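Line order of the protein sequences matches chains L and H.
Quick note on the numbering used here: the first sequence kicks off at 1 and runs consecutively.
Quick note on the numbering used here: the second sequence kicks off at 1 and runs consecutively.
Since the hints were made in silico from the structure, they are not lab data.
Model, not experiment: these values are computed from the prediction.
Take the hints with a grain of salt, since some may be wrong.
What follows is a set of in silico ranges between Cβ atoms, one per label pair, in the way DEER data are often shown [to be verified]:
#1 L:P144 x H:S85: 53 to 63 Å
#2 H:N34 x L:T126: 36 to 46 Å
#3 H:G48 x L:K54: 17 to 27 Å
#4 H:T113 x L:N313: 44 to 54 Å
#5 H:S102 x L:V44: 32 to 42 Å
#6 H:A114 x L:G194: 25 to 35 Å
#7 H:T50 x L:T126: 17 to 27 Å
To give an idea of the chain H side of the interface with chain L (calculated C-beta under 10 Å), a few residues [stated by the list, open to error]:
#8 L17
#9 R51
#10 T54
#11 I59
#12 T68
#13 G72
#14 K73
#15 T75
#16 S85
#17 Q86
#18 G88
#19 T129
#20 C134
#21 Y139
Straight-line C-alpha distance at most 16 Å; calculated EDC-like pairs for lysine to aspartate or glutamate [unchecked claim]:
#22 L:K341 x L:D131
#23 L:K294 x H:D61
#24 L:K280 x L:D320
#25 H:K79 x L:D320
#26 L:K232 x L:E216
#27 L:K294 x H:D55
#28 L:K121 x L:D244
#29 L:K280 x H:D61
#30 L:K292 x L:D320
Don't be surprised by glycine CBs; every beta carbon is placed ideally from N, CA and C.
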Amino acid sequence: MRASLRINVKAKWLWSCCAALILGMVITCCSITVFTVTQPDTAVVGSTIPISVKFTYHNIKGGNTENLVFGFLVPKGWAVSQNAKITYTSTVGDGKMVLMPSNVTEPQSNGLSWSSALLKKFGIGTNLVNDMEWVVYQSDVGLPLNDGEEITATLNISLKVGADNNNTLCKLGYLIAESHDGLHEVDSNIDQNGAKYEYYAEQITPCFMLTGGSGEVVDFCNPQLTSVDPPKSLDNDFVTLSFDGTVTKTALPSSSTIYLCATANTSDGKTYTVCDQSAKTQFTQTVAGSNKYKITIWPRSYFGISDSQTIVNMNYYVTDATGNIKVGYGNTASPFTYTFKCN
Amino acid sequence: MKEFYKFRRPAYLLVILALLAASSCKVESLRPVNEASKDISGNWSVIGATRNGTDLTSIVDFSQFKLTFSEGKYTLLNKLPFLVSQNGTYSLDNPQYPFQISFTPAGSPAVATAFTYPIVNGVRQLTLTFSPGCPNNIYIYTFRKAN
Numbered sequence: 001m002r003a004s005l006r007i008n009v010k011a012k013w014l015w016s017c018c019a020a021l022i023l024g025m026v027i028t029c030c031s032i033t034v035f036t037v038t039q040p041d042t043a044v045v046g047s048t049i050p051i052s053v054k055f056t057y058h059n060i061k062g063g064n065t066e067n068l069v070f071g072f073l074v075p076k077g078w079a080v081s082q083n084a085k086i087t088y089t090s091t092v093g094d095g096k097m098v099l100m101p102s103n104v105t106e107p108q109s110n111g112l113s114w115s116s117a118l119l120k121k122f123g124i125g126t127n128l129v130n131d132m133e134w135v136v137y138q139s140d141v142g143l144p145l146n147d148g149e150e151i152t153a154t155l156n157i158s159l160k161v162g163a164d165n166n167n168t169l170c171k172l173g174y175l176i177a178e179s180h181d182g183l184h185e186v187d188s189n190i191d192q193n194g195a196k197y198e199y200y201a202e203q204i205t206p207c208f209m210l211t212g213g214s215g216e217v218v219d220f221c222n223p224q225l226t227s228v229d230p231p232k233s234l235d236n237d238f239v240t241l242s243f244d245g246t247v248t249k250t251a252l253p254s255s256s257t258i259y260l261c262a263t264a265n266t267s268d269g270k271t272y273t274v275c276d277q278s279a280k281t282q283f284t285q286t287v288a289g290s291n292k293y294k295i296t297i298w299p300r301s302y303f304g305i306s307d308s309q310t311i312v313n314m315n316y317y318v319t320d321a322t323g324n325i326k327v328g329y330g331n332t333a334s335p336f337t338y339t340f341k342c343n
Numbered sequence: 001m002k003e004f005y006k007f008r009r010p011a012y013l014l015v016i017l018a019l020l021a022a023s024s025c026k027v028e029s030l031r032p033v034n035e036a037s038k039d040i041s042g043n044w045s046v047i048g049a050t051r052n053g054t055d056l057t058s059i060v061d062f063s064q065f066k067l068t069f070s071e072g073k074y075t076l077l078n079k080l081p082f083l084v085s086q087n088g089t090y091s092l093d094n095p096q097y098p099f100q101i102s103f104t105p106a107g108s109p110a111v112a113t114a115f116t117y118p119i120v121n122g123v124r125q126l127t128l129t130f131s132p133g134c135p136n137n138i139y140i141y142t143f144r145k146a147n
């Protein structure tokens with residue numbers, strides 16, 4: 001019995017070592033080096049812009065055939081999955097990038113789809129409005145990989161910008177990976193140059209500006225005095241308005257009690273104003289002394305419109321307790337505006 | 001003769017035991033137990049609500065909002081954004097194993113949504129997922145029967 005046990009223990013060690021060795025060989029593909037994005041700084045709504053993404057898979061191991069994976073962080077309103085064409089050229093062949101099927105899971109994220117996995121890991125980058133999405137592509141064919149090989153590839157993106165017709169400031173994000181390792185964390189694998197393996201590479205670019213649209217300005221880059229969550233909503237949603245008094249000094253006393261003074265415009269041409277300073281209109285300070293506030297309203301009830309009416313947009317100020325001090329858009333006397341729409 | 005008797009007695013006993021054992025086995029007819037129909041009638045209050053994953057429970061007063069199911073009809077009291085905004089009739093896709101509930105407001109087409117009906121800490125709950133405004137804004141309300 002004892003002898004048998006000893007044999008089992010030895011076998012267990014042996015199997016563990018072999019498994020670790022085999023696993024190390026299998027899960028290791030390559031390290032990504034040289035990751036360059038070339039994109040314009042500005043564009044006009046409706047135009048098509050060229051973007052190139054160049055990168056190198058370095059120190060390739062194993063004989064797998066793997067797909068190149070590309071994640072693109074963009075405003076949801078641009079409908080990029082319908083408005084981008086992406087091709088690739090590489091030292092092992094050329095082709096086009098196709099949308100990653102939603103039922104394909106990212107290998108390191110316990111069953112999450114690729115876009116969900118990227119959102120969970122990288123969020124919306126350093127953008128400030130939660131109305132961005134990761135659109136994920138993969139190469140149309142698997143690329144054969146050979147030991148010690150180095151593959152240089154360039155993605156050529158042709159993107160029609162501003163499908164929502166909004167003037168936009170945003171920080172686009174880019175991710176390069178491959179289908180086998182996915183978002184594999186850095187481990188003990190060492191690249192030929194002595195650095196640790198980078199199984200994927202990600203970067204968020206500086207603020208990109210889109211002009212010429214007839215819609216409102218959507219600024220993902222700069223802190224705003226007020227913001228609305230969800231960014232896109234209708235009058236039958238709960239809408240949360242935030243006021244950040246730390247963005248700039250306003251006429252409102254710091255960390256005081258502040259109120260919403262708003263006017264709703266309905267589709268039948270009527271206006272409804274709620275501008276008293278009461279519990280109904282009072283913002284709540286998120287943390288005492290933070291000078292950041294929120295108020296959540298159900299617009300249909302808040303403005304008291306009838307069942308047959310629809311609110312098109314809303315103009316609003318933030319006031320002090322007397323109602324005499326009003327802060328508007330950009331800390332001016334003009335009201336903030338919000339249009340109720342889904343696209 | 002005496003020894004013969006001694007020899008055969010255990011054999012008789014074994015045969016009798018075997019007969020008793022065999023006769024004690026009886027094939028039972030297994031009948032499936034019918035699943036009870038899910039009865040959601042009563043008054044329901046919201047105990048949890050999220051919008052796109054953000055908890056609304058502490059920032060919106062749901063205490064006055066009531067959803068009542070009774071004899072195939074539902075009524076809304078102190079309305080808030082919900083799957084429907086008018087009273088009407090409701091139905092379950094399967095009374096015993098429901099996965100979907102359908103609300104038909106008076107004078108409007110039916111609106112259906114998936115729902116779950118778990119027992120949590122011994123109390124039946126009702127969870128509904130819907131979009132009262134933009135389709136991309138997903139709300140989840142969790143109801144519990146009001147006293």
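Can you list which hints this structure breaks, lowest number first? 2, 3, 4, 5, 6, 8, 12, 13, 14, 15, 18, 19, 25, 28
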